[in-house]
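**Student:** If you want the building blocks of each chain, they are given just below.
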Amino acid sequence: GENVEQHPSTLSVQEGDSAVIKCTYSDSASNYFPWYKQELGKGPQLIIDIRSNVGEKKDQRIAVTLNKTAKHFSLHITETQPEDSAVYFCAASPFGNEKLTFGTGTRLTIIP
Amino acid sequence: DTAVSQTPKYLVTQMGNDKSIKCEQNLGHDTMYWYKQDSKKFLKIMFSYNNKELIINETVPNRFSPKSPDKAHLNLHINSLELGDSAVYFCASSRKVGIQYFGAGTRLSVL
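If you read the protein sequences in the order shown, they are chains A and B. Heads up: the first sequence is residues 1 to 112, going by my numbering. Heads up: the second sequence is residues 1 to 111, going by my numbering.
Think of the hints as simulated: they come from the structure by calculation, not from any bench. Watch out, some of these pointers could steer you wrong.
[Unchecked claim] Footprint (simulated), chain A over chain B, 3 or more residues, beta carbon under 8 Å:
1. 32-42
2. 45-51
3. 90-96
4. 99-108
Think of the CB as a built atom: it goes at the ideal place given N, C-alpha and C, for glycine as much as any other residue.
From just these sequences and the hints, can you work out the full model?
**Tutor:** Right, dumping it as structure tokens:
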């Protein structure tokens with residue numbers, strides 16, 4: 001089955017700086033890669049996703065890059081703000097398959 | 001209106017008891033899920049239903065039994081609760097293939 005590794009497990013960034021979280025996956029059949037943000041006491045919420053026919057996708061301060069050959073994908077947050085502090089999860093699944101395999105999460109702290 | 005709602009939000013119970021968690025979605029989605037998040041925040045799928053039919057059943061003790069009375073509801077019943085069942089349980093829903101929307105979670109504490 002799919003195995004998703006995520007690094008780092010914790011990340012502290014000065015407000016205004018950029019944050020990068022990296023994930024690798026094992027199953028070459030995976031082609032859907034969402035990123036979720038989980039705030040304290042809440043459920044995970046999708047912030048951005050990418051499919052394997054695309055190498056990069058941006059949405060305002062958030063971007064995701066995908067390298068299918070190396071089987072890794074990354075989340076980039078620019079101009080970080082205090083409200084970006086949360087736990088971030090990457091995930092992977094084969095297209096047409098509802099089963100998401102999640103990474104182990106990254107606790108991002110933005111230092112004012 | 002809350003898209004995916006779970007009840008109760010907190011559940012504290014003794015070992016050996018039986019308990020249920022309810023989930024409802026008002027998004028018109030066909031597929032619903034149960035996930036378990038342990039104390040280290042690791043999020044793992046337990047079950048998935050599509051149009052009331054079980055499609056994903058991970059390696060979960062058979063003390064856990066999901067029930068889907070209709071497309072909008074997926075409940076989780078747990079028999080003979082054990083200490084290791086303590087976790088946060090999340091319900092989610094999606095179209096057959098699409099973004100999964102999560103509920104706020106049910107924190108289960110088994111004493």
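**Student:** It remains to establish, for every hint, whether it holds in the given structure.
**Tutor:** Hints, verified against the model:
1. 32-42: Per the Cβ count (4), the hint holds.
2. 45-51: holds (count 3)
3. 90-96: n = 4 at 8 Å, threshold three: holds.
4. 99-108: holds (count 7)
Consistency with the previously given hints is maintained throughout, with no hint failing.
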